[in-house]
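J.: In the order they appear, the protein sequences are chains A and B. Just so it is clear: in the first sequence, position 632 is 635 by our numbering, and no numbers are missing. Just so it is clear: in the second sequence, position 177 is 179 by our numbering, and no numbers are missing.
These aren't lab readings, by the way, just hints derived from the structure by calculation. There's no promise every hint is true.
Straight line, CA to CA, 20 Å or less: simulated DMTMM-like cross-link-like pairs of lysine to aspartate or glutamate [to be verified]:
no., chain 1, residue 1, chain 2, residue 2
1, B, Lys199, A, Glu16
2, A, Lys596, A, Asp622
3, A, Lys237, B, Asp56
4, A, Lys207, A, Asp423
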Amino acid sequence: MTDRYTFKDLQQERKLFLSRLIIGACVVLVLIACLIARLAYLQITQHEYYSTKSDQYRIHIQPVVPNRGLIYDRNGVLLAENKASYTLMLVKEEAGDIEKSLDVLRSLIELSPEDEEKFYTRLKRRAVPFSEVPVRFNLSEEEIAAIAVNQFRLPGISVQAQLVRHYPQGELMAHAIGYVASISEEELKTLDRVNYAGTDQIGKMGVEKVYEELLHGTVGYETVEKNARGQIMKVLDRTDPIPGQDIVLSLDSNLQKAAVEALGDFRGGIVALDPATGGVLAMVSKPSFDPNLFVEGISKADYEKLNDRVQTPLFNRALARYSPGSTIKPFIGLAALDTGLRTREHTVRDPGHFKLDGSSHVYHDWTWWTNRSGHDIVNLEKAIYQSCDIYFFDLATDMGIDTMHDFLYKFGFGRNTSIDIPQASIGILPNREWKMRTMGEPWYPGETVNSSIGQGYTEATPLQLATATMLIANKGKWRQPALLKRIGLDGPDIEHKSTIPDIELKNPDDWNFMTEAMAAVIHKGNGGYRNNGTAWPYVVNVGPMPYRMAGKSGTAQVVGMPADYRKSSKSAIPEKFRDHALFIAFAPVEDPKIAVAVFVEHGEGGSGVAGPIARKVIDAYLLENGQLKPEFMPAPAPSLISSLTP
Amino acid sequence: MASILDFARQGSSVGVELERKPSIWERLHIDLPLLCGLVMVLSFGLMVLYSATDSNEAEVRRQFFYILLGFCVMFGVAQIDLRYFRQVAPWLYIGGVGLLIAVLLFGDSAKGAQRWLDFPGLPRFQPSEMMKTIVPLTVAAFLARGSLPPRLWQIGVALMILGIPAALTAIQPDLGTALLIGVAGTFVILLSGIRWKLVFSALMLGIMAIPALWMFYLADYQKQRIHTFLDPEREPLGAGWNIIQSKTAIGSGGLYGKGWLNGVQSRLDFLPEGHTDFIVAVLAEEFGLVGMLFLLSLYLFVIGRCLYIGAMAQCNFGRLLAGSLALTFFVYVFVNIGMVSGLVPVVGVPLPLVSLGGTSIVSLMVGFGILMSIHTHKSPAY
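Can you make the complete structure from the sequences, with help from the hints?
T.: Here it is as structure tokens:
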């Protein structure tokens with residue numbers, strides 16, 4: 004083999020090779036120098052920059068969401084709590100074939116096309132590789148178990164727990180408590196972004212909205228080291244969040260339940276107040292809805308159901324305005340006495356119809372529609388317990404709308420006097436100025452006549468009616484309606500200071516007079532037709548009643564009803580044109596513990612339908628086994644001995 | 003730099019000493035300086051690998067096993083006389099090309115490319131990996147038959163020898179390996195003394211062909227890699243993620259590094275492929291610039307020793323082969339570190355002797371075995 008080389012210029016060849024090798028070695032050195040320069044650039048010149056960047060990747064300051072405060076009723080019954088909810092998460096990088104994973108999931112749990120669509124949207128929007136993307140929320144125990152058993156078929160899929168608002172009473176308190184739901188774009192603009200970092204739900208309605216600040220608490224922070232998968236490896240530092248305050252409401256869930264049951268199949272609203280404090284004992288609007296639907300993000304189908312045009316379950320009837328009908332009469336009666344326009348003894352002859360001077364329009368008493376007659380000779384007391392319209396028509400012509408307005412305003416009509424129910428309507432309390440402002444028309448005398456029996460423009464909410472009733476029970480002492488009873492389960496009761504001046508009558512005995520007149524509405528019986536209280540047959544004459552109650556019925560015509568229906572028999576009137584039934588009451592007369600306003604949508608009979616409902620509500624609050632609860636028993640007269648004891 | 007040169011000089015003087023009095027090492031056909039360099043690189047590599055695999059002892063043990071296997075192969079290859087390599091080179095080449103064709107026909111596909119061959123009873127292997135050694139061997143054997151510098155027709159044949167397996171590999175598709183096969187063969191041609199005029203014209207032609215290559219040949223993912231190389235921030239969470247993360251790892255390491263097992267970037271999974279192609283980022287993060295200089299010195303020593311072996315070789319075949327193997331080894335080092343530090347586009351080249359992977363280590367050790375054979379089998383007639 005070597006002999007082949009003998010012909011070559013070996014020395015020359017070696018030299019050539021070596022020169023090339025040296026060039027190669029030089030290139031190697033130059034390129035190594037390039038590498039070193041590059042590394043030095045990254046590791047010395049840019050060290051600071053990359054150091055910070057490295058820390059940014061792994062050190063995360065993340066908010067720790069405070070637990071939302073719980074809501075209790077006055078008896079300590081839980082109305083809103085935080086429940087662990089389980090969410091199915093997927094990490095794309097670990098899951099591999101996502102379609103296949105979803106196929107497996109579909110066979111294990113319920114996964115609607117809507118869920119999948121939302122999942123893909125979220126997947127597209129995710130910012131960091133290896134981050135978890137929710138697939139479905141609110142897994143059931145069975146679904147969690149199914150996933151756990153099949154975990155080996157589901158790489159990159161996990162179940163995570165988080166706290167979610169839950170309303171254990173469901174529909175019962177929905178309108179009063181409201182609900183929380185995802186923060187909207189609009190809310191985000193005004194929100195304290197720092198405190199809500201990490202919070203994704205906010206109170207949307209009712210107590211949840213009004214006391215959002217109290218319930219939310221203060222955000223905490225955690226400095227954590229995360230890996231690229233977003234898994235927390237280590238917690239470096241932590242500032243605990245301050246949990247939201249628990250709050251206790253004045254609501255009584257037992258009473259609320261009783262009120263809902265008392266309404267039966269009717270739609271309507273009921274408000275019950277504690278005259279001593281103004282605390283709202285019950286606030287019912289029927290039909291109601293399940294607030295839990297909103298927490299998890301309501302589905303289209305569910306939302307459509309809630310927007311039913313007749314049922315309108317989202318509409319809060321307790322805070323909506325309706326014609327008060329005759330329930331306005333006790334307040335106007337007080338105005339007549341206090342202004343001196345009428346004495347208690349003043350009488351009016353009621354033939355069943357009434358005409359204004361210089362007008363051909365005939366106003367009828369409600370009795371006219373039943374037997375073409377009136378109440379004959381009527382004084383103020385009878386005008387209340389027999390609900391005589393003619394007496395008030397006559398009074399109205401003397402009083403005028405502005406006097407009526409000013410007096411009723413003192414009782415909270417035409418304004419929202421509540422402490423923490425801002426969503427309540429202010430109703431309508433008309434006067435000349437109001438009509439000119441809203442309609443650009445002067446006031447007509449006939450409109451005063453309508454206003455005197457709570458018809459026409461006048462509208463009030465059940466909350467306003469309950470408040471005004473409470474004021475008669477309190478003899479003019481103002482207590483503003485409030486839902487919040489105390490902060491913290493064991494905290495002291497909050498005394499909501501009333502900013503509204505108490506109503507002072509020239510003759511304070513007029514309070515007693517009106518209270519007795521209202522008691523007669525309920526208790527004056529066995530006097531024969533046209534001498535009984537309008538509510539007596541329905542409220543008292545049905546069973547034993549161990550306390551006295553004062554009340555007033557109201558039957559309000561529904562605007563837009565064709566006139567000829569008035570003459571036809573009741574059952575022939577379509578439901579949507581039937582009168583609304585109202586009733587206001589407080590009890591016991593001697594020492595009022597509860598004031599109630601009942602509104603029954605298309606209930607027709609103020610005394611016959613709304614009256615018994617009011618009694619059921621008051622019974623539920625005052626009675627236990629048919630007897631007054633011990634705490635409502637009249638205080639025994641102080642004995643000589645005890646008064647002598649220091 | 004001075005320390006590196008000192009080190010290299012020391013190393014070579016040891017070699018000279020050994021040469022003077024034939025020692026047990028020479029009789030065992032072992033080049034002690036090269037062996038020492040390899041052992042140091044491999045030990046350092048294992049240490050880094052332990053950290054890069056998140057202290058996974060099983061992985062490190064497997065790698066250690068491959069290293070031992072690699073040493074056995076190297077010792078075995080070193081025993082073979084150089085002349086024998088010349089004789090079997092064509093047959094190895096024909097066999098290798100046959101296997102490449104077999105891969106295309108029956109290969110196992112992984113990640114969208116057919117690279118693996120699965121013979122019953124044999125471990126899975128990539129024929130293209132073997133070709134990285136066989137191609138320079140064959141080209142060197144061919145060119146060493148004639149006198150240097152080679153004639154034009156010889157260059158043409160040499161280009162065909164390297165072109166066929168490179169093309170077969172490229173259509174697997176595995177452009178990275180194809181390029182490395184081509185580079186290994188090209189080094190032989192360059193070292194054989196081809197005229198510069200020819201080299202530069204080829205270079206010009208190549209540059210002119212780039213637009214055509216871009217339009218007609220490169221697959222989308224390859225274009226993507228080049229896009230990403232030019233502007234990694236363009237897609238920080240997609241294709242640019244790796245390179246941003248590796249640069250961050252390297253940069254945050256600083257001069258002295260964060261210490262062994264303390265590399266956050268890699269240990270917190272931010273660095274993908276931290277134990278394979280991107281292992282140098284782990285090293286740079288944990289040992290800093292100092293550690294990188296140390297690694298580069300070790301590599302430089304190994305490469306220097308290989309070049310020295312080439313310079314001392316007794317025949318053209320040995321020279322061309324040794325020089326080509328040394329330079330190819332350097333290309334691996336450069337491309338890998340350059341890629342991880344953002345100097346060259348991402349090409350799937352592991353860091354030689356350090357990255358996790360048995361095939362790579364064993365085939366590299368075959369090359370070093372050949373080098374030792376070149377150095378220790380002195381033809382007595384020459």
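J.: Please go over all the hints and tell whether each is borne out by the structure.
T.: Do the hints match the structure? See the list:
Only pairs whose Cα atoms come within 20 Å are accepted, and Lys199 of chain B paired with Glu16 of chain A is accepted, the gap being roughly 19 Å. For the hint pairing Lys596 of chain A with Asp622 of chain A, the CA-to-CA distance comes to about 11 Å; that is within 20 Å, so the pair holds. At most 20 Å may separate the alpha-carbon atoms for a hinted pair to count; Lys237 of chain A and Asp56 of chain B meet this at roughly 16 Å. Between Lys207 of chain A and Asp423 of chain A the CA atoms are separated by roughly 14 Å; this keeps the pair inside 20 Å, and the hint holds.
The structure is consistent with each of the numbered hints, conforming to all of them.
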